[in-house]
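Enquirer: The task is simple: from the sequences and hints, build the whole structure.
Just so you know, we're using the working numbering here: the sequence shown kicks off at 1 and counts up by one.
The hints are simulated quantities; they were obtained by calculation from the structure and are not laboratory data.
Since we're looking at a predicted model, the values are computed, not measured.
Backbone N, C-alpha and C fix where the C-beta goes; we use that ideal spot for every residue, glycine too.
Be aware that a few hints might be false.
To be verified - Heads up, simulated BS3-like pairs for lysine-lysine below, C-alpha to C-alpha not over 30 Å straight-line:
1. Lys197 to Lys180
2. Lys279 to Lys161
3. Lys151 to Lys133
4. Lys133 to Lys145
5. Lys5 to Lys226
6. Lys197 to Lys170
7. Lys180 to Lys151
8. Lys161 to Lys212
9. Lys79 to Lys145
Claimed, not checked - Ranges of calculated distance between the beta carbons of each label pair, as one might list FRET restraints:
10. Lys8 to Gln92: 35 to 41 Å
11. Pro244 to Glu137: 28 to 34 Å
12. Glu138 to Ser222: 47 to 53 Å
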Amino acid sequence: MSIPKTFKLGGDLEINRLGFGAMRITGDGIWGEPKDRENAKRVLRRAVELSVNFIDTADSYGPAVSEGLIGEALAPYAKGVVVATKGGLTRQGPNRWAPVGRAEYLTQQAELSLRFLKVDRIDLWQLHRIDPKVPVEESLGAMKKLQQQGKIRHIGLSEVKPAEIEQARKVVEIVSVQNKYNISDRAHEDTLEYCEKHKIAFIPWFPVAAGKLAQPGGVLDSAAKKHGVTVSQLSLAWLLHRSPVMLPIPGTSSVAHLEENVKAAEVTLSDADWAEIEKAAKG
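Expert: Right under this line is the structure:
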């Protein structure tokens with residue numbers, strides 16, 4: 001089975017399916033500045049050199065640090081580079097996150113994202129979390145206004161189930177969903193199937209398998225050794241194989257690790273090999 005290398009996001013932005021998640025280029029706990037700003041920028045530039053043309057970030061990474069680094073390192077952007085960002089999570093300290101989905105807050109944050117990323121229009125803006133205190137219609141209604149003004153091209157969601165996507169699609173067109181998903185954590189299988197049916201991009205965060213499967217001597221470790229790749233590469237290759245709507249975005253603050261991740265797009269296993277890994281993973 002040949003695996004498509006690209007995906008048309010929103011039907012009009014053709015991107016390579018293995019992207020880059022820019023969460024790890026900030027400080028510890030996704031808080032504050034990275035230890036080495038110049039290194040963070042080197043990682044971003046190297047990603048683009050390696051033909052990564054889909055970069056995913058959020059206003060809350062830092063906060064405002066990841067977007068600022070991307071703007072500094074990559075603007076003006078090379079032709080075809082798509083930068084996605086998110087809004088709707090606030091920060092109270094390292095590893096602390098709280099949703100705020102009020103229309104005026106999201107509008108302010110999107111305007112700041114435009115400024116930090118140094119763009120006139122955000123290619124893909126995603127609601128980072130639905131705020132239980134605010135109707136999703138209000139949150140997305142504000143983004144629809146910015147879309148109508150030409151400040152946002154496409155809109156997506158994060159950490160949602162099919163019923164929530166349905167609700168959101170009554171307000172705006174939804175082109176992507178970003179949920180936690182990897183070979184060892186498949187709680188969102190129903191959401192992935194919904195996305196496949198409706199040709200919505202599925203962006204798995206935490207794409208590299210963890211836990212028992214990935215431990216030395218575990219199922220994935222053994223399979224990776226057999227095929228001469230790392231567990232990370234095998235995890236990413238499995239995602240690319242799993243569904244044509246899947247857009248993995250592994251993140252790192254290291255150029256060497258980035259180069260290793262990008263090679264995952266070249267990992268080719270037979271259907272029988274994948275079936276064996278699947279069976280072992282489920283077992």
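Enquirer: Evaluate each hint against the coordinates.
Expert: Hints, verified against the model:
1. Lys197 to Lys180: The hint holds at about 19 Å.
2. Lys279 to Lys161: 26 Å, holds
3. Lys151 to Lys133: Given pair Lys151, Lys133 holds - Cα atoms ~26 Å apart, limit 30 Å.
4. Lys133 to Lys145: 21 Å, holds
5. Lys5 to Lys226: Given pair Lys5, Lys226 holds - Cα atoms ~24 Å apart, limit 30 Å.
6. Lys197 to Lys170: Roughly 17 Å between the alpha carbons, so the hint for Lys197 and Lys170 holds.
7. Lys180 to Lys151: 28 Å, holds
8. Lys161 to Lys212: 26 Å, holds
9. Lys79 to Lys145: 27 Å, holds
10. Lys8 to Gln92: 35 to 41 Å: 38 Å, holds
11. Pro244 to Glu137: 28 to 34 Å: 31 Å, holds
12. Glu138 to Ser222: 47 to 53 Å: The hinted range 47 to 53 Å holds for Glu138 and Ser222, with Cβ atoms some 50 Å apart.
Checked against the numbered hints above, the structure violates none of them.
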